[in-house]
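Given two chains presented individually in distinct reference frames, assemble the corresponding complex, making use of the accompanying hints.
Protein sequence lines, in the order shown, are assigned to chains G and E.
At position 15 of the first sequence (counting the first as 1) the number is 15 in UniProt numbering, and the numbers step up by one without a gap.
At position 318 of the second sequence (counting the first as 1) the number is 318 in UniProt numbering, and the numbers step up by one without a gap.
None of these hints come from the bench; they were simulated from the model.
Label pairs and their in silico Cβ distance ranges:
| hint | chain 1 | residue 1 | chain 2 | residue 2 | range |
| --- | --- | --- | --- | --- | --- |
| 1 | E | Y235 | G | A134 | 18 to 24 Å |
| 2 | E | D45 | G | K11 | 36 to 42 Å |
| 3 | G | S130 | E | P384 | 54 to 60 Å |
| 4 | G | L24 | E | H521 | 43 to 49 Å |
| 5 | G | S65 | E | N115 | 42 to 48 Å |
| 6 | G | N55 | E | D45 | 40 to 46 Å |
Simulated crosslink set (DSS-like; lysine-lysine; CA at most 25 Å straight-line):
| hint | chain 1 | residue 1 | chain 2 | residue 2 |
| --- | --- | --- | --- | --- |
| 7 | E | K338 | E | K367 |
| 8 | E | K187 | E | K218 |
| 9 | E | K338 | E | K281 |
| 10 | E | K387 | E | K438 |
| 11 | E | K21 | G | K39 |
| 12 | E | K387 | E | K401 |
| 13 | E | K401 | G | K39 |
| 14 | E | K75 | G | K110 |
| 15 | E | K407 | G | K39 |
| 16 | E | K189 | E | K281 |
| 17 | E | K359 | E | K407 |
| 18 | E | K170 | E | K111 |
| 19 | E | K21 | G | K11 |
| 20 | G | K39 | E | K359 |
| 21 | E | K558 | E | K520 |
| 22 | E | K414 | E | K359 |
| 23 | E | K367 | G | K39 |
| 24 | E | K338 | E | K407 |
Counterexamples of contact, computed for chain E against chain G with all Cβ distances above 12 Å:
| hint | residue |
| --- | --- |
| 25 | T117 |
| 26 | T341 |
| 27 | A757 |
If you're wondering where the values come from, they're calculated on a predicted model, not measured in any experiment.
For glycine and all other residues, C-beta sits at the position ideal for the given N, C-alpha and C.
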Amino acid sequence: MGIRFILMVNKQGQTRLAQYYEYLTLEERRALEPEIVRKCLARAEQQCSFVEHRNYKIVYRRYASLFFLVGVDNDENELAILEFIHLLVETMDRHFGNVCELDIMFHLEKAHFMLEEMVMNGCIVETNKSSILAPIQLMDKMN
Amino acid sequence: MNPFSSGTRLRDMIRAIRACKTAAEERAVVRKECAAIRASINENDHDYRHRNLAKLMFIHMLGYPTHFGQMECLKLIASVGFPEKRIGYLGLMLLLDERQEVLMLVTNSLKQDLNHTNQYIVGLALCALGNICSAEMARDLAPEVERLLQFRDPNIRKKAALCSIRIIKKVPELAENFINPAATLLKEKHHGVLITGVQLCTDLCKVSEEALEYFRKKCTEGLVKTLKDVVNSPYAPEYDIAGIADPFLHIRLLKLLRVLGQGDADASECMNDILAQVATKTESNKNAGNAILYECVETIMSIEDSGGLRVLAINILGRFLSNRDNNIRYVALNMLMKAITVDAQAVQRHRATILECVKDSDASIRKRALELVYVLVNESNVKPLTKELIDYLEVSDEEFKGDLTAKICSIVTKFSPEKIWYIDQMLKVLSEAGNFVKDEVWHALIVVISNASVLHGYTVRALYRAFQLSAEQESLVRVAIWCIGEYGDMLVNNVGMLDIEDPITVTESDAVDVIEVAIKHHTSDLTTKSMGLIALLKLSSRFPSCSERIKDIVVQYKGSLVLELQQRSIELNSIIAKHQNIRSTLVERMPVLDEATFIGKKAGSMQSTVSSPVGASINLPNGVAKPSAAPLVDLLDLGSDEVPAPSSSGGDLLHDLLGVDLAPASKQSGVNHSPNNNGTDVLLDLLSIGSPTQSSSSLPDMLSSSQGNKTPVSPLGLASPSSNSIQATSSAGAAPVIDLLDGFAASTPKHENNGTAYPSVVAFESSNLRMVFNFSKQPGNPQTTVIEATFMNLSPNVYTDFIFQAAVPKFLQLHLEPASGNTLPTSDNGSITQTLRVTNSQHGKKSLVMRIRIAYKMNNKDVLEEGQINKFPPGL
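Isolated chain E (complex conformation) (with noise of 0.2 Å):
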C-alpha cells in the first residue's frame, strides 16, 4: 500500500499546516504531529512508517527538528520491499547527514544493496551514497562503486559516476583507482554517462595531478571529438533545447577541455578549431546556446593563448555586454572581469558601456559594474572614471552609495594625480554622500589639505560654498568646521587666490554662523559640536570682532548634558575670557600634519605607541587632546597602588596646555588617526574628572618641578618641541585647567637652578653645530635634571627652520622647554638655547642617555644631525 496515494492523513497535516495563520499556530500543529509520530515509531507500527517518514521531511523542510526520524529511515532501508527502501533512503539523504554517527550503521546495508539483483535499488543505494557518504563510508564502499561503473545498465553507470566524485573529495588517495574507469567513461554514447564521466574527470583533474596528466596525454583529443560530434549531432529530440543537442554536456566538455588546456600549450592547440567552431557556430538568440557561448568564452581566456580565439571571445562579451537582457549582460560583466587580466586592453574599449552598467536599475548588475570599473581605472582614464562615477552618486539609490562611495574614495586616493584634483574629488563626495564616507576617509583628507598649503584658501573657501549647500551631509561639516577654524582667516580675507576661482565675500560673522549652524543642527553629533567648539575657540582669535559673539555661543552648552560639551564649553570659555594674552598662542594655526605618519597609523601601528603617553594620545582633528589607551591604564592602575601618584594622563595634557611640554609636536602629531571612538573618549574624560587630584596634585610638578619625582616612570617617544604648535585644549578635569592658566599668565615657571653644580658638556659637536649642555639640579627634587642647552653655529651660513628633538629610554621622562629661537646665527651674533627637564626614574642606579637629533635648513637645503649622548656627568 503506497502511503502516499491513500495515506489521507499526511494529506490532512499538510492542509492543517496551510490553514494556519500564524507561525504560532503551525508551531502547535507540528507539535501535535510530531507527539503522534513519536508515538507510533514507539510502538513499532509498520503500517504507519512511510507515512511517519513522509510527514517528517515535510515537517524538516519546514524547519522543524526531526531527529527522532532518523532511526525509522534506517528501519525502511533495511526492509526488503522497493517502496520502503525507497523512502527510506530517501529520509535518509534529507533527515541525515555525514556528521551524525547513525550513518555508521547504514553502511551495511548500503553494501546489500549495492549489490542487490534489482538494479533499482542499486540505483537508489549510489544516489544515497553519492549524496551523503562519509569519509569512512567512502574507504568500504569504494570497491563496490568501482565496480558499478562497469554496470551494464547505463543508469548505473551514471550515478556510479556521480558516486566517484564524492568519493574521491573524501578520500583523494583513492583518485588513482578510478583514473582508468573514468577514462573508460569518456568513450560511452549515452549522454547521461558521458556527461557524469566528464564531470568525474574534471574532479579527479582537481585532486590528483597524475589524472590530469593522464586525461591530457590521452584524453584530449577523445574529448575534442566528442565535442565535435555534441555540435553536429543530428536533432534528438529528448536532448534537444532550443535547437542545440544537450547544451549541458556542451558546457560540462568545455569545462574539462578548460582544465586540461590550461597550462599546456599542446592540449590548448588540439582544442582550436572546435573552440573556434562553437564560438562562432552557436545560435546567440537563446539562453541555451548563450550558456554554452559563455562557458566557451571563459575557456578561451583559461587556455593557452591564441590570439585569434582570444579576439572571437571578446567580440563575444561585446555582443553579450550590449545585449538587452540583464542576465546575459550580468554574465558578461562577469566575464569581463576575468578577461582584464588575460587582455586589460579589449576590457577598456568596453569602458563607456560598463560604466552604463554601474547606473542600471538592477542591484545585481549594478555590483558587478561597480566592481569591473574599480579594476578598470588607471592613472591615465581615473578623471573621467572618476566625474562619470560621482555624476551617478547624485542619482544612485541610497542603498548602493555606501558601496559607490567606498570605491570612488578609494579610487580617488589611490590614483589621484594632483592634490587639488583630490581635494575636489573630495569635497563632491562629501557633499553627495558625506554620511556614507567612513571615518579614515575624511581624516586622510584632512591631513592632504593640511599638507598642501598653497591650497588651504582655495580649501576653505571650497568647503565654505560646500556647506551652504550641504549641511546634512555630516562629514563635509567635519572637514569644513575644521578648516574654517584653521584657516578662517583665508576665508574672510580670499588669501591665496587661485584663478579658477570667483572670490567670494565672506564676512567674519558669516564665518562663525556656518560653525554655529553646525553645532547647533540637531543631527550633529558629539565629534561635530566638539569639533565645532573648537573651531570657534579658534576663531575667536582670528576674529576679535566675533570674539563676544562667539563667546556666547560656546556659554550655552556650559549646561549642555552631554559631560564632553559641558566640559568644553567650561574650558574655553575660561580661555576666551581670562586669558586674552595667551589666547592666540594657544590656537595658533596646527603644524602641518605628517602624511607618512598618518599613513602608517592607520596601518595599525597604534600598539606600537601605546607605550608612549605623547604618541598614545589621540587627537581630534583640531588639536583636542585626547588621552587614549596608555593613559586609560595609567588610571586604572592609580587604584591599584604602586605606581607614583599622579597620573600621565592629566599631567601630560595639562602640560600641553601650558605649552610646557610640547610633546605632540609636529612630528607626533599624527591628529586624525583617532578611531574617533566618542564612547572611549567620554568615558576616558569621566575617568580624569572623576580624579581631580591627580590633576592638581600634578600642578606643582609642572611649575616648579618641586614634586618631579612623583610623575610616573613613563617610557618618551621623540619628544619634539616647536614654539607654534601647542595642543589647544585638554580633557582634564576643569578646574585644576583654570588654576594652571592663571598661575600661567600670572607668572612663567620659572626654574632656580640653585642645586649642585654640574660641568658643562659638549654634548654634541659635528662640522657644523656645537650643543653644550648645562646641568643643574632642583632642591628637594634630586630625580630631575634641568639641562639646558645651548646651541652654536659653527659655519659661515645662518640655519633657519632650526629644531632639536631628543628621545631617552623608558626609565627616563624627558621635558622639552621651547626653544628661544628657531633660527641660529652664525657663532658671532648669538645662540639657540632650549631648556629640557629630565627625570630619572632610577636615580642613582642608571646614569642618563639621551639620543637627539637636530634638524635645520642651510642654504635652503635640510640638514638633519644625529647622535648619542652618553658621556652626563655621574649622579644626575
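Chain G on its own, in the form it takes in the complex (with noise of 0.2 Å):
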C-alpha cells in the first residue's frame, strides 16, 4: 500500500476532502490533520513538496486555492505521487471545468466517485481520464 491518506484543504486550512486507505480514529484524524496542514501551508512556493511527519511522508502541491496533500509510505515514489496530484486535478478540471474549493465542497460525492477510480485501498487503479470518468458520466446522464 503506497497511499495512506489523500487531503484536499482550502488556504485557510479547513478540510475539504477526506480519504483514508489505513484505519485511523476520528480522534486521531482530528489531531492528525491540522499538524500536517499547518506544516504545509507554512512552506514557502520554491521549497521541496515533500514533508516528513511522524512516521508519514506527504507529498502536497497547491493549485490555487486549493492544497492537495497525499500522505505516503517511506518507500513510495515521491515524484510519482507529485505527477499523481496533477493527474487527480487535472480529471477534476475535466469534469468540472478547472476545478474549485466550491466543486468540491457540492459535490464532494463525485469527487470522491473519481477519486474511487483512480485510487483503490492505497494503490493507483487507473490513470486515463475517460476511463476514470466514464462511469461517472454515465450516471450524470442517467439523471
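The structure is reproduced here in C-alpha cells:
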C-alpha cells in the first residue's frame, strides 16, 4: 500500500475532502490533519513539496486556493505522487471545468467517486482520464 | 431523484457551516443537523436517506462522530437502484472500517453484488471490498474475487486485482490461489489491468516466497518486454504525460523488477539492458521523466551488481543533486542515503554538494542532507566536515540548531582523532549553541577534560575566552565554571601553555568575576548557580587574595529562596570562615574521572549501583555529593521502623565531608553521570534537612564509632581511599555539618584501641608485598572491628602511587581511613599503615570476609594485586 491518505484543504486550512486508506480513529484524524496542514501551508512556494511528519511522508501541491496533500509510505516514489496529484486535478478539471473549492464541497460525492476510480486501497487503479470519468458521466446521463 | 442535484438542504447545510465564524458556531450547526438526521432515520424516511448520508459524509469529514448513520449505509446498499447503492457504498467506505461489527452484516450484500449482472454494481462492490474488507470477509469472498479476475470487462479485472491485494494481505495463506491469475494479468494490454496486475504481483512477492520464485522464473522476461513496449510505445494521448507514455506504469514495472532482481543474478542480468535504456533515454526535463529515473536508479541500486549500471545511476543522482528544483534535490538526497551502502565512495564524491544542502533554506532538504552527512563522516573527513557544520551552526535557524547540535556532538565524540581537537570542537559548539546541548554531552566533555591533564591549562583559558563572548549559553557556562573552579590557578598563571596559544593576562579577581557573573545571571538555573558556589569555594582556597570577596558573594545566598542555594551558601560560608586549616584539603582538585566508568554509567547501569550507597551518590561536577535513589529509600524506610535508626544518607555524606570515609574516590566518582534532576535533588535535600536527627545521631558514630551498631546495614561496593580526594560538601543538614567540622578541626578522631585483643594476621602476601592486619574492638561496640593494616615492601624497589582497595559483602560495612602515605619504601625504610573499620551486622553469626585489591607502581610500571581474605580470627 503506497498511499495512506488524500486530503484536500483550502488555504485557511479547512479540510474539504478526506480519504483515508488505513484505519485511523476520529480522534487521530482530528489530531493529525491540523498538524500536517499547518506544516505544509507554512512552507514557501519554492521549497520542496515533501514534508516528513511522524512516520508519514506528505507530498503536497497547491492549486490556486486548494492544497492537495497525499500521505505516503516512506518507500513511495515522491515524484510519482506529485504527478499523480496533477493527474487528479486534471481529471477534476475535465469534469468540473477548472475545479475549485466549491465544486468539491458541493459535489463531495462526485469527487469521491472520481477518487474511487483512481485509487483503491492505497494503490493506483487507473490513470486514463476518460476511463476514470466514464462511470461518473454515465451516472450523470442517467439523471 | 438525485439527492445531490436537487437536495437544496445539503447545500443549505454546507452554506450554514461555511458561514460559521467560530468553531463553537460550527458545532452548534452540526449538532442541529445531526439531530435532524437522527429524527429522519428514526422515521425510516426513504426519500431522504441519500441526502442524510451525504450530509453525514460531510459532517464526518469535518471530524464529528457519525456512527448513528452506519445502519443507513447498509440499508442503502441493500436497496435495488444503482444510485442508492452507489451512495451506500461510498458511505460504507467513509463511515465504517473493518473493525466495526456492523461490517459483518454487509458481507451478504457484497456477495450478491459481486455476482450482479450489472457490471457497474460489481465494480462498486469490488471497490468497497478492496478498501475495507476484513480477514473474515476476505475468506468468505475470495472465490468471487478470484473469478472476477477473469471477467470480460477490463474495468472489473483491474478492480478485482487490487481487491486481491487486500485479500492476500489480510489472509496471506490465500496467496497461492492468486499466483496464476496474477501472472495472466501481466500479459494484458489494457494499462489499468496491467498496472493493477503488476501491483498485485509485487504484493504477492512480499507475502509469499513461492510467488516470488514463480514470477522470477516465469515472468521476468515478459515484464522486461512489457517495459520495453511501454518505453517505446507510440504517442497515446490518454496515457501521455509530458511526452512519456504512462509514467505510473513505468514506475510500477520498475518496482516489480526490483523485487524480482533483488538477490537473483539471472533475473538481474535479464533486466540490465532495459534498465540501461530507461536510465539513458528518459527525458529529464519534466517531473514525470524524473520520477521514472528516480525509480530506475533505485532498482539499479537494489538488484544484483552490474558495475556499468551503477555508474549510470550514480551519475543520474549527481545530476539530480545539482538540479535547481528542490523536489529533485530532495529525492537525490533520499536516494544517496540508500546508495551509500552500495557505493560509499561514489557518494563521498558529492560531499561538497551535500554539505551545501545542509545549509539550504528548506527544512525538508536540510533534514535529509544532515542525515546523509552524518553517515558520510569517517575518520578521514571528520575534521573538514565538522568545521563546515560548526560554521553553519552560527547562522542556522533556531529550530534547526537542536538537530544540528546533536549530530555534531555525536560526530565529534565518535570520530575525534585527538583530545585537543575534541575539546576545541565542543567548545565551539557550546559557544554557538550551548543551550541546545544535552546534559550527557557536556558531562562527557568534563570527563574528557579531566583526563587530559596536559590540556587543563589550555582548556580553562579557552573556556575563559569563550565565556567572555557567549555568557548566555548555559552549558558553556557550566563547563567554564567547573574548569575555573578546578584549574583556576592554571588560568591565572598561564600554566601549561601550548605553542598554539596566545598568553592571556587574567587576574585572580577576573576569574572570580566570571563565576560571579554566571551566578548572578538571571537565566542561570539552579544547577549552574550551585556549581558556581562550589567553584567559588574552590577558588577561595586557590586564590587567598580573593577569599574575602568570595565570602561576600557566598553570603548573599544565605537568604536565597531556593533552599538548595541557601543551604549551600551557609555550608560553604562556614567552611570559608571557620575551617581555614582544612579548607585546602577539602577543595583539592577532583581526581581524574574514569572514562570507562562514565561510559558504563551512561549506558544505564545505574540500577547496579543503587544497592551501594557509595556508587549511588550522584555527584554534581564539582564534587557535590548527592544522595540518589538508595539514600532516598533509606530515608523513607526510616518511617517504617525496623531499620536501624541513622540514615546512610546523612552519615555517608558527613563521612565524605570529614574525609573519614573516602569511599567515593577516583574509582567511584563517576562524577557527572548525574541526570541532574534538580527536582529530585532538591527533594532529597528537603528530606535530609527535614530529619536532622539522623545526621546528628550518626555523628558520634563517625567520631568515636561508639554507636556503630546503629549504622544501617549497607552493602558496600569497592571502597577506595585516596588521600587527595575529598568530597567537598554535603547536602545534609547544615547545623550538624558545622558541629562536625568543629569537632573535626579541634581534634582528629582517635580510636581507642582498648578492646579485646585479637592475634595479628598476615592477611595477604605475595612475592612483592605483605599485608598484616591488627585487630581491635571498641568498648561497647562489639559489631565494629578496627583493623590496622600494615603494608610491607618485600622487593628492593620503591612503590609509588600505592592504593589499597577493599570490598566486603552486604552484611558488612566498611570504612577506610586515609593511608599514612602513598609511597611504600623498601622494607628497611618503613611501611604504610591504614585503618579500616568494619561493622558486622551479623556479629556472632557470620565472620568477616573481604576482597582486596592493591595497586601501585614499581619502576613506573603498574602492578595490580588482588586477593580474598577469609582467615580472620573468629569472633569479629
